[in-house]
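Undergrad: Which chain is which? The protein sequence lines are A and B, in order. First residue of the first sequence: 104, per this note's numbering; consecutive thereafter. First residue of the second sequence: 104, per this note's numbering; consecutive thereafter.
Hint data in this document are derived by calculation from the structure and do not stem from the laboratory. Only a predicted model underlies this, so the values are computations on that prediction, with no experimental measurement involved. There may be inaccurate statements among the hints.
The list cannot tell twin chains apart, which means a pair is met if one copy fits it or any two copies do.
[Stated by the list, open to error] The calculated BS3-like cross-link candidates involving lysine-lysine, where the alpha carbons are at most 30 angstroms apart (straight line), are:
1. K224 - K208
2. K234 - K208
3. K112 - K425
4. K112 - K423
5. K224 - K423
6. K208 - K423
7. K112 - K224
8. K234 - K425
9. K342 - K208
Number of protein chains: 2
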Amino acid sequence: MSFSFEVIKTQGRARAGVIHTSHGDIPTPVFAPVGTQATVKAVTPQTLRELDASLILANTYHLHLRPGDDLIRDLGGLHRFMAWPGPILTDSGGFQVFSLTQINKIDEDGVTFRSHIDGSKHRFTPEVSIKIQQNLGADIIMCFDQCPTPTDRGAVEAAVTRTSNWAIRCREAHPCDDQQALFGIVQGGIYEDLRAQSAAFLQGIDFPGYAIGGLAVGESKADMYKTLDFTLPVLPVDKPRYLMGVGEADDLAEAIMRGVDVFDCVMPTRVARHGAALTLDGRINMRNLEHARDENPLDAGCTCYSCQNFSRAYIRHLMKAKEILGCMLLSIHNVHFLIQHVQSMRAAILNGDLEDYTRAFLQRYLQAAASN
Amino acid sequence: MSFSFEVIKTQGRARAGVIHTSHGDIPTPVFAPVGTQATVKAVTPQTLRELDASLILANTYHLHLRPGDDLIRDLGGLHRFMAWPGPILTDSGGFQVFSLTQINKIDEDGVTFRSHIDGSKHRFTPEVSIKIQQNLGADIIMCFDQCPTPTDRGAVEAAVTRTSNWAIRCREAHPCDDQQALFGIVQGGIYEDLRAQSAAFLQGIDFPGYAIGGLAVGESKADMYKTLDFTLPVLPVDKPRYLMGVGEADDLAEAIMRGVDVFDCVMPTRVARHGAALTLDGRINMRNLEHARDENPLDAGCTCYSCQNFSRAYIRHLMKAKEILGCMLLSIHNVHFLIQHVQSMRAAILNGDLEDYTRAFLQRYLQAAASN
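Using the sequences and the accompanying hints, generate a full structural model.
TA: Now the structure itself:
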């Protein structure tokens, strides 16, 4: 089946829907774990299936540099390479060439940068980014964009213009969405007029989905929510909306309430490697002494493998002893927590009790965060 | 069910049997993966079950130092702590206090040493080792012994005497084998008379199983096999025999042919973390460039999760990119390889074709090793 999207039910501005892809359906809202280097860190694809992941993200920048997108193409594409049969989304590399490289230079045509791995020189243009993403073969691919500091109006204006021009070139390089759907990325920082300008321009090109880029990069939560308040209404209702790089549970709730459908974030697996467990009562540092003799699971009531089988005391021991299994169990739990959180909100939309659910969730979560 | 052992069938000196424990049956011969710090590194207990592991080993020395055997006892014992419901064997700590600590001092009563973790001072005696193992609650526990350089006759003589004296004290500290079976450890290095002396002395005490210690610690393979040739005949036929710390596939084959029932080794998971895959054609370094575009699995015909789903190219990518999943997949494969290898030899004993099977295995394995 080629790419399509349907909204099943709405409540307020929130939507429950389904994205159809040739590798399976993605019920939305959806949280996508990130497999930067073609693996969600410390989690097997089999376990991702058991966690009910329906979409994962992989990174164009990393996979181009290592092992190479040509190699992945020759071995049958990313799904086969990483043994993940479900839907995949790849980013454009636009964010990483600025955030991960020490030396980079942007011009109207593209970005020249040096690899963070070996210092070798590379150049990404819209056409190069699309070609790499075609080689990788993900179900959803992204336009090459520029992500500026969201509160620097001059920089944001330039980035919107550049992102618009590059969006035209990406569409020309990838005119058909049947096997790989090309999403546009709305920039504009925290500025309502610039977000509207960017969104209108991209809709003129006509994409099968729209991402909101340039958020969760240092601005305040209030700024992020306000930006979502005025950005989502200028996006088409019949296309999926993807808020890039956002994964904090309260942000997911706020964004879903405002009409976002798709999320990704490295956070759940990254903080797992540092010993943190995500719970309805906020983040817990499992390295703390208070857990040394605690027989309870990470999160009471959680149904994940880690919580069904292991105590906080055991997981603390694993982290203190630098055992890989500690990262594995915390990654399983944290990915499960965010997937379940978003699935619960989807169920609440379908049941018509989203507002009550979200209010109760946020009250507990934010109260705990404030007291932590 | 309390501890017992039965031999089901013999072929030559090799035996197929079953060890019964209160946590389940252990078909023998058996290879036990090692969970030094209460986790088989990078493998979940669920996966160990899927790999058909029927016995795992944990280390008294490590668990006493961290998180503490009293903590594990208070949390319900090692089975519950690490969520492994099957049989567990703990060693005595005698080997580690010498191999892992920089500062240690032995006397007739025990060993004083400093922790490799924080330099803190500790003392192990036979009674302390037994007490720790009782706190941990494994199904099979070991006498506190001294493991000398096997080719230094003077040192070996002293170690045999000391190990004998300590075996009496261990038996007195643990008189009942119903819930935890206490095995004696035969020392004697490469010397036939000393092995016979040690074995005879221990049988006078009467243990429910006997380990052969002090091998695979630097002596030649020829010396190891010769030592097994004269040590196994002086052990009782109706008790399990455990060759400590041996895990190379050819050594397992040679030892099973000579009548060994139980093995353990950290090797499969240790070499996995360094990128090595165990195969019927010897060890493969997955970091090598030759695997960069290889679509084949680690080992043709292998039925493990790693080989059923992933290419050598992918696993090489994971190792080059320092991804945890690389260690996880190689650990799964390597543990599977050794468990299957020993299970195949057990099946061959039951089928009566052990000699043909072993000859074919060794021919292929050693030929490959010679050409690697």
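Undergrad: Each of the hints needs a verdict: does it hold here or not?
TA: Hints, verified against the model:
With identical chains, the CA atoms of K224 and K208 are at most 30 angstroms apart within one copy only, with a shortest distance of 11 angstroms there and 57 angstroms across copies. In this assembly of identical chains, K234 and K208 lie within 30 angstroms of each other by CA distance solely inside one copy; the values are 21 angstroms within and 66 angstroms between copies. Proximity of K112 and K425 under a CA criterion of 30 angstroms is satisfied in neither setting, with 46 angstroms inside one chain copy and 43 angstroms between copies. Taking the shortest alpha-carbon separations for K112 and K423, neither the intra-copy value of 46 angstroms nor the inter-copy value of 46 angstroms comes in at or below 30 angstroms.
In this homomeric assembly, K224 and K423 come within 30 angstroms of each other (Cα to Cα) only across copies, at 20 angstroms, whereas the closest approach inside a single copy is 40 angstroms. Only between protomers do K208 and K423 lie at most 30 angstroms apart by alpha-carbon distance; the minimum there is 28 angstroms, versus 42 angstroms within a single protomer. Taking identical chains as interchangeable, the C-alpha atoms of K112 and K224 are never at most 30 angstroms apart, the minima being 48 angstroms within one chain and 66 angstroms between chains. When the C-alpha separation of K234 and K425 is checked against a cutoff of 30 angstroms, the pair qualifies only between copies, where the shortest distance is 26 angstroms, while the shortest distance within a copy is 40 angstroms.
Within a single copy, K342 and K208 get their C-alpha atoms no closer than 34 angstroms, and across copies no closer than 73 angstroms, so neither meets the 30 angstroms cut-off.
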